[in-house]
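Numbering (this note's numbering), first residue to last: 76 to 230.
For the record, the hints were derived by calculation from the structure and aren't laboratory data.
Errors might be hidden in some of the hints.
[As the list claims (entries may be wrong)] Quick list of simulated restraints, FRET-style, between CB atoms: (1) Pro211 <-> Leu169: 53 to 59 Å; (2) Thr112 <-> Gln83: 45 to 51 Å; (3) Leu82 <-> Val208: 42 to 48 Å; (4) Leu82 <-> Phe108: 21 to 27 Å; (5) Gln83 <-> Lys184: 50 to 56 Å; (6) Pro179 <-> Ile113: 31 to 37 Å; (7) Pro179 <-> Cys127: 17 to 23 Å; (8) Ile99 <-> Leu154: 53 to 59 Å.
Values in this document were obtained by computation on a predicted structure and should not be read as measured data.
Backbone N, C-alpha and C fix where the C-beta goes; we use that ideal spot for every residue, glycine too.
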Amino acid sequence: MMLNQHLQPLDIRLRYGIPVENPILQDIKREYFFAYTIANQAVVTLREHYQCAIPESEVGWLALIFQMAVESRHAIARLNILIICASGSASSHLLLSRIKRAFPAYIAKAEVCTIFELEHRDLGGIDYIFTTVPIPFPVGVPILEIHDFIQHYEL
């Protein structure tokens, strides 16, 4: 999306010879060498299309966009989980707390419900179910059975 948003103003600048400053160009070249190299290759096509040299400042901005794409690809997917527990709500919430503490970077949203509530619950948006009791009906979401008091090897 960022590349698409950048290309229209780039088109105008190249057509009309409007210069653009890039005060962080040297930082981009030093910190994001791979992305800068890719951007240099990409501007070959732009050079042919516009029949002009592409300023180094523009190459730097393109490199920054490419670097953002690379980094966003490596971003951790955060999951929505549901915890099913047969015992009281205190132990369910303790289990919830331990899972959230063990995997803070991976959990976007975590909720608790009973096996009885599960039958009538909309599971849209739930990525995984962690349960301390067997679930006797299909739910359409991956299930992981764990102990009431989750063991370290289960984490």
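Hint check:
no.	hint	result
1	Pro211 <-> Leu169: 53 to 59 Å	25 Å, violated
2	Thr112 <-> Gln83: 45 to 51 Å	25 Å, violated
3	Leu82 <-> Val208: 42 to 48 Å	54 Å, violated
4	Leu82 <-> Phe108: 21 to 27 Å	23 Å, holds
5	Gln83 <-> Lys184: 50 to 56 Å	36 Å, violated
6	Pro179 <-> Ile113: 31 to 37 Å	33 Å, holds
7	Pro179 <-> Cys127: 17 to 23 Å	50 Å, violated
8	Ile99 <-> Leu154: 53 to 59 Å	35 Å, violated
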